[in-house]
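Heads up: take any position in the sequence shown, counting from 1, add 26, and you land on the working numbering.
Note that these hints are calculated values from the structure, not bench results.
From the three backbone atoms N, C-alpha and C, an ideal C-beta is built for every residue, glycine too.
Incorrect hints may appear among the rest.
Cross-link-like lysine-lysine pairs, in silico, DSS-like; alpha carbons within 30 Å at most [unchecked claim]:
no.: 1; residue 1: K233; residue 2: K166
no.: 2; residue 1: K252; residue 2: K162
no.: 3; residue 1: K166; residue 2: K119
no.: 4; residue 1: K58; residue 2: K90
no.: 5; residue 1: K58; residue 2: K87
Pairwise CB distance ranges (calculated) [said to hold, decoys possible]:
no.: 6; residue 1: M27; residue 2: R208; range: 42 to 48 Å
no.: 7; residue 1: G54; residue 2: R256; range: 44 to 50 Å
no.: 8; residue 1: H215; residue 2: E172; range: 31 to 37 Å
no.: 9; residue 1: Y133; residue 2: R226; range: 40 to 46 Å
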Amino acid sequence: MIWAYTREYSQGSFPVQLLNRRDECWCGDRAKTILRRLFGPVGPELASPQSIDNLVTAWGKLYKRELLNGEAFEDARLIASEDLLFNVPVFYKANTIVYMNATLYHYYKDNEYSLTHRYPENLPEQYEKLQNRMLKFVNKNALPEEYCQALQNRIGLSLIGTGLRLVEDHGRSMRNVIEELRRIRNMPHYAGALKQLPLRYFPLHWKAFFFAAKARLYLLWCVLLKIMNRLRSRV
């Protein structure tokens, strides 16, 4: 079972819409729709790239005990997102997924000392390791090609979260941020994903963001990240 949650900032509350605006149940093959969403968005789902990780948390869910047998969390300092890698095999085994459109969890987002407010130097490599593990899961379980496309989109969209953590990390100069963006952009893992990422579904501001990333316009990319981070802190 999955339910909605609210992000709590000192300036106010921000409800997070996960799936639908109504209660719903997915059974059998339809339940795999939610599994695929964990791998990433496809087609029109790309219209909201900022929400790519809303569904991946381990909290905000109630699991059947049998689904958790043999599963364990891995160190987030190694793979960046332990919740996502934990949920993939669990959702793969799930035959029924229920969504309750009610807010039962409040997530406090103003803790500047949390892991997600710091930028480890190897963060892009951590995400690459995570995403490669997900690709191995696709291949091992012979999942449809759509999962590979969804994962490629996730890799491209992960530059949002990585970039925001970069500009949010206190003490970094703009020059340092731009140098790190250039390093990430030149990594084959992200360069390949950006090349195939379609822009047609994005709203205008996200088109500008990913155009800057695709075209290696590092100053524009950095400025857009700083604007996004400033707006995000004024919810």
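Against the structure, the hints:
1. K233 - K166: Distance ~34 Å between K233 and K166 Cα, so the pair is violated.
2. K252 - K162: violated (34 Å)
3. K166 - K119: This hinted pair holds, its Cα atoms lying about 14 Å apart.
4. K58 - K90: Holds, at roughly 16 Å.
5. K58 - K87: holds (17 Å)
6. M27 - R208: 42 to 48 Å: holds (44 Å)
7. G54 - R256: 44 to 50 Å: Taking Cβ atoms as reference, G54 and R256 lie about 45 Å apart, which means the hint holds.
8. H215 - E172: 31 to 37 Å: violated (20 Å)
9. Y133 - R226: 40 to 46 Å: Given a distance of about 32 Å, which is not inside 40 to 46 Å, the answer is violated.
Of the numbered hints stated above, those contradicted by the structure are hints 1, 2, 8, 9, listed in ascending order.
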